[in-house]
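Undergrad: Residues per chain, in single letters:
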Amino acid sequence: MSLSKFQNGWRIQWRVIHALMIRELHTRYGRENIGFLWIMVEPMLFAGLVAILWRVMKGSEQHGVGIVAFVVSGYLPVVLFRHAVSRCVALFVANSSLMYHQQIKVLDFVLVRFIIELLGSMMAYFFIAVVLIGFDQFPVPADIGLLISGWLLYGLFTLSLCLIIAPLSEMSEIVEKFIPVTTYIMLPFSGLFTMASWLSPSSREYLLYSPFVNAMEMMRKGIWGDKVTAYYDIWNPITCSVVLTVIGLALCRHVRKVITVE
Amino acid sequence: MIVCQNINKTYKLGSGHKHVLKDVNLVVDKGDRVALLGRNGAGKSTLIKLLGGVEMPTSGKVQRHMSLSWPLGFAGGFQGSLTGYDNARFIARIYDRDYGEMRAFVEDFTELGRQLAMPVKAYSSGMRARLAFALSLAIEFDCYLIDEIILVGDQNFQRKCHFELFEKRADRSMILASHSTDIVREYCNRAVIIDKGQATTYEDVGQAVDIYTQL
Numbered sequence: 001m002s003l004s005k006f007q008n009g010w011r012i013q014w015r016v017i018h019a020l021m022i023r024e025l026h027t028r029y030g031r032e033n034i035g036f037l038w039i040m041v042e043p044m045l046f047a048g049l050v051a052i053l054w055r056v057m058k059g060s061e062q063h064g065v066g067i068v069a070f071v072v073s074g075y076l077p078v079v080l081f082r083h084a085v086s087r088c089v090a091l092f093v094a095n096s097s098l099m100y101h102q103q104i105k106v107l108d109f110v111l112v113r114f115i116i117e118l119l120g121s122m123m124a125y126f127f128i129a130v131v132l133i134g135f136d137q138f139p140v141p142a143d144i145g146l147l148i149s150g151w152l153l154y155g156l157f158t159l160s161l162c163l164i165i166a167p168l169s170e171m172s173e174i175v176e177k178f179i180p181v182t183t184y185i186m187l188p189f190s191g192l193f194t195m196a197s198w199l200s201p202s203s204r205e206y207l208l209y210s211p212f213v214n215a216m217e218m219m220r221k222g223i224w225g226d227k228v229t230a231y232y233d234i235w236n237p238i239t240c241s242v243v244l245t246v247i248g249l250a251l252c253r254h255v256r257k258v259i260t261v262e
Numbered sequence: 001m002i003v004c005q006n007i008n009k010t011y012k013l014g015s016g017h018k019h020v021l022k023d024v025n026l027v028v029d030k031g032d033r034v035a036l037l038g039r040n041g042a043g044k045s046t047l048i049k050l051l052g053g054v055e056m057p058t059s060g061k062v063q064r065h066m067s068l069s070w071p072l073g074f075a076g077g078f079q080g081s082l083t084g085y086d087n088a089r090f091i092a093r094i095y096d097r098d099y100g101e102m103r104a105f106v107e108d109f110t111e112l113g114r115q116l117a118m119p120v121k122a123y124s125s126g127m128r129a130r131l132a133f134a135l136s137l138a139i140e141f142d143c144y145l146i147d148e149i150i151l152v153g154d155q156n157f158q159r160k161c162h163f164e165l166f167e168k169r170a171d172r173s174m175i176l177a178s179h180s181t182d183i184v185r186e187y188c189n190r191a192v193i194i195d196k197g198q199a200t201t202y203e204d205v206g207q208a209v210d211i212y213t214q215l
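So the sequences go chain by chain: A and B. Numbering of the first sequence is given in the UniProt record's numbering, commencing with residue 1 and proceeding in unit increments. Numbering of the second sequence is given in the UniProt record's numbering, commencing with residue 1 and proceeding in unit increments.
These aren't lab readings, by the way, just hints derived from the structure by calculation. Note that this is a predicted model, so its numbers are computed, not measured. All C-beta atoms in this analysis are idealised placements derived from N, C-alpha and C, irrespective of residue type, glycine included. Keep in mind that a hint or two might mislead.
[As the list claims (entries may be wrong)] Think about it this way: if two alpha-carbon atoms lie no more than 30 Å apart in a straight line, the pair counts; the simulated DSS-like pairs of lysine-lysine are:
#: 1; chain 1: B; residue 1: K168; chain 2: B; residue 2: K196
#: 2; chain 1: B; residue 1: K196; chain 2: B; residue 2: K30
#: 3; chain 1: A; residue 1: K257; chain 2: B; residue 2: K168
#: 4; chain 1: B; residue 1: K30; chain 2: A; residue 2: K257
#: 5; chain 1: B; residue 1: K61; chain 2: A; residue 2: K257
#: 6; chain 1: A; residue 1: K177; chain 2: B; residue 2: K18
[Claimed, not checked] Label pairs and their computed distance ranges (CB to CB):
#: 7; chain 1: B; residue 1: S59; chain 2: A; residue 2: G9; range: 25 to 33 Å
#: 8; chain 1: A; residue 1: L152; chain 2: B; residue 2: N25; range: 43 to 51 Å
#: 9; chain 1: A; residue 1: Q103; chain 2: B; residue 2: E107; range: 19 to 27 Å
#: 10; chain 1: B; residue 1: A117; chain 2: A; residue 2: H63; range: 50 to 58 Å
#: 11; chain 1: B; residue 1: S81; chain 2: A; residue 2: L199; range: 41 to 49 Å
#: 12; chain 1: B; residue 1: G16; chain 2: A; residue 2: G30; range: 26 to 34 Å
#: 13; chain 1: B; residue 1: G41; chain 2: A; residue 2: L187; range: 34 to 42 Å
#: 14; chain 1: A; residue 1: L187; chain 2: B; residue 2: V27; range: 38 to 46 Å
#: 15; chain 1: B; residue 1: Q214; chain 2: A; residue 2: T27; range: 26 to 34 Å
#: 16; chain 1: A; residue 1: I185; chain 2: B; residue 2: Q158; range: 20 to 28 Å
[To be verified] Listed next, the stretches of chain A that the computed footprint assigns to chain B, with coverage defined by at least 3 CB atoms under 8 Å from CB atoms of chain B:
#: 17; stretch: 25 to 39
#: 18; stretch: 59 to 68
#: 19; stretch: 96 to 108
Same shape as in the complex, but just chain A (with noise of 0.2 Å):
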């Protein structure tokens, strides 16, 4: 009774999901020239030419890593990062309306939101994989359980993140201002500049508290493999993202309770 009462809840909730993510799209990318593949081609403009530009900088190699492939691989997961929490920025008041439908929760706005930049930046890691792979600037992944599970770690704790964001800046509008700036500070300890190994020990020690940091590390250590040392820890993100999830599902409750509709 309660297992068909679980799979029944699921099902609408599948179905919420994948009616709001059209929705989504479809508002945001039109049906006019390539439509949702936007999704896709933007973070790889993004990714693509911050590649040409450093490539153009700093010569073809980096600590025999070749630099377009560094670039590409730690620019994306970063556009995820912030394309997803700038998405989630007063998320559920510009959704209120749609919460006549009994239906659609407030968590559902997040995940949608989530999923489509996790689609769109994976479905253009891959692309633009393949075609350097094809121009041999990208090495074949030596272990892609590596890099898979490095890449589900980030945007898991993205998406932790998200559950924190989305509720916050429903809470106050300061939150809201100081969203870009922040996530331009965290650049440096997102992984995408450099590798531990090239680090000080004291100054990766640091660098290693964080969560996308360890997440990075796995994804580049399952891209080049022997070629490269790499220091992470699986535990450091899935914990982290299992206690600002936990925080995060407390605050939307909470926001959830106080939200006023017009």
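Given the coordinates of chain A, work out where chain B should sit on it, guided by the hints.
TA: Chain B alone, transformed into the frame defined by chain A:
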């Protein structure tokens, strides 16, 4: 059945609080047609929001044992850049209804023709109301929430709405917030007057209307 138990709702107002609803109790049975009466700002819309589940009571409980519509004719849920058809498909998806049937009903009911393929932001308010009504009526609910907008649209459309709502769905429950005492007298079997945050239920609608007109 819908049961409100000791609902309180307060809103933040500057540094203080505004107590909009105080210990409101309300039971809506199957087939009941309840009128919500009250002056502007008395808390009718707040009560409708709490009943509809968009907002939560500060304390107390709203229990819904039957399906409840979103406010009839409510156009706020539309995404302006999507077409009328897109919005209809969205509703069909989340309520798990067949889109073909929904589409046929919406085309027939709204009489908007090819304009349904236009973005909703290009609609006039009358056209929006037509679409919103059609969508609310395309899904069958046990209880309909109606917030003041029963009188939108031209004569022909009003007749259609009256037929769909009060004749075809005569067996359903309704919760109707309106200033039109004629409509209340004609269709409702109970009335709730909301005044100073208190809700008083009257079984005699005529008596309630008399009290309301003297507020």
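Undergrad: Checking each numbered hint in turn, tell me which of them this model violates, lowest number first.
TA: 1, 3, 12, 13, 14, 15, 16 and 18
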